[in-house]
Amino acid sequence: MSLNYALIFSVFVSFLTVISCKKDGAGNTENAAQAMETYAAEKTPTFAVTLNGKPLQAMPEPDTIKQNYIKSLDEARAFYLGNLKNVKGYADYGRKALNLGYVENALQVLSKGIDQFPNTADLYYYRGMASVIGRQFPEAVSDFWKAGKAIEGQRDAKGILDKTEEEKKIDATLQYEVYKWMGLAFQCQGDFTNAEKMYEVCGDFSTNSDLYCISYYWQYQAYMRAGREKDATSLLGSVSPKMYISASTQPYLDALLYFKGEKSETDLVNLNEVPKSSIEANGWSIKAYAIAVKALLEKKETRFVEVLDKIVASPFWNQAAFIAAEADHHRLKGFNYEKMKEVKMESDGKRKG
13 MSLNYALIFS
23 VFVSFLTVIS
33 CKKDGAGNTE
43 NAAQAMETYA
53 AEKTPTFAVT
63 LNGKPLQAMP
73 EPDTIKQNYI
83 KSLDEARAFY
93 LGNLKNVKGY
103 ADYGRKALNL
113 GYVENALQVL
123 SKGIDQFPNT
133 ADLYYYRGMA
143 SVIGRQFPEA
153 VSDFWKAGKA
163 IEGQRDAKGI
173 LDKTEEEKKI
183 DATLQYEVYK
193 WMGLAFQCQG
203 DFTNAEKMYE
213 VCGDFSTNSD
223 LYCISYYWQY
233 QAYMRAGREK
243 DATSLLGSVS
253 PKMYISASTQ
263 PYLDALLYFK
273 GEKSETDLVN
283 LNEVPKSSIE
293 ANGWSIKAYA
303 IAVKALLEKK
313 ETRFVEVLDK
323 IVASPFWNQA
333 AFIAAEADHH
343 RLKGFNYEKM
353 KEVKMESDGK
363 RKG
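Each number in our numbering comes from the position in the sequence shown (counting from 1) with 12 added on.
No wet-lab data here; the hints were simulated from the structure.
It cannot be assumed that every hint is accurate.
[Said to hold, decoys possible] Quick list of simulated restraints, FRET-style, between CB atoms: (1) Lys312 <-> Pro72: 30 to 36 Å; (2) Gly273 <-> Asn131: 43 to 49 Å; (3) Arg343 <-> Asp243: 20 to 26 Å; (4) Glu177 <-> Lys311: 39 to 45 Å; (5) Gln166 <-> Asn282: 41 to 47 Å.
Ideal Cβ positions, reconstructed from N, Cα and C, are used throughout, including at glycine.
Go ahead and model the full structure; you've got the sequences and the hints to work with.
As structure tokens, this is what we get:
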């Protein structure tokens, strides 16, 4: 399906939604307005801002990846507009908006979902993720707490959305993801004591080497920066290059081996090879941030700043390690934190004000 055809199709679906709501009577008029408002919001996407208030730009994905993201988002939008009483539509639409960096749009649709389905952990989780990507860390923590409470007592919550093949291999529970992202939200606020506690909780929901590697990457940093050096060293003792992991987890293991002194910086990553896609950026930013953190721990401030500068100059700002690096960069440079400006939409798609 071409982009233009997909766009026409999604407009057609939204039109049918309005018509069906009129047929159903006045009680569903609000649903029609909601559908059109959210559709209009997505057509004027709002990206995030950096921690010092600088607007972030669209990420320069290769055309093949970008078109796949757009196609997936169009399909998610069409399902959402045609199924306003289905909670999965809100969650999937919000999640896929984040692939393109449409932070405010994700926040809007997920908030609407929460209004209708107030005790759904997935909606709070994805809205919390959107808040982290939007550099709204206190709001993210609040949503992650609500997500955790909604699945309290469950041992193996997998979430309501279908998993990718790689996600199926890693097999993370919703609890694991919630506490991992909450740890990041605390870390980005400089609260490493609470961050390491959240990463520890991830261990309670880890059942394979992939999950341990990912949480250990963050947990080691938080331990060291919270003054728990003995615990950090003990953590690295269980890390081995022979660990059986998925390809997407390899950057985490490589970074841990670098922390451990078993991999050199040269073997880890080339900081001058800026990633050209979000897929490349994921592994690159994980390993680049490890170099920055190790420089900080070794009190090499010049190197620390140098590496952070390289990370924040890269264009894929929705990566978790990028956001953590930006938060360090923000504190180091003494920037004043500015909240992301909210964009209000009229039901006809025009911006308010």
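For each hint, the structure was consulted:
A C-beta distance of roughly 31 Å is found between lysine 312 and proline 72, which places it inside the suggested range of 30 to 36 Å. Judged by the Cβ atoms, the range 43 to 49 Å given for glycine 273 and asparagine 131 holds: they are separated by roughly 47 Å. In this structure, arginine 343 and aspartate 243 meet the distance hint of 20 to 26 Å, their C-beta atoms being roughly 24 Å apart. Taking 39 to 45 Å as the suggested C-beta distance range, the pair glutamate 177 and lysine 311 conforms, at roughly 43 Å.
In this structure, glutamine 166 and asparagine 282 meet the distance hint of 41 to 47 Å, their C-beta atoms being roughly 43 Å apart.
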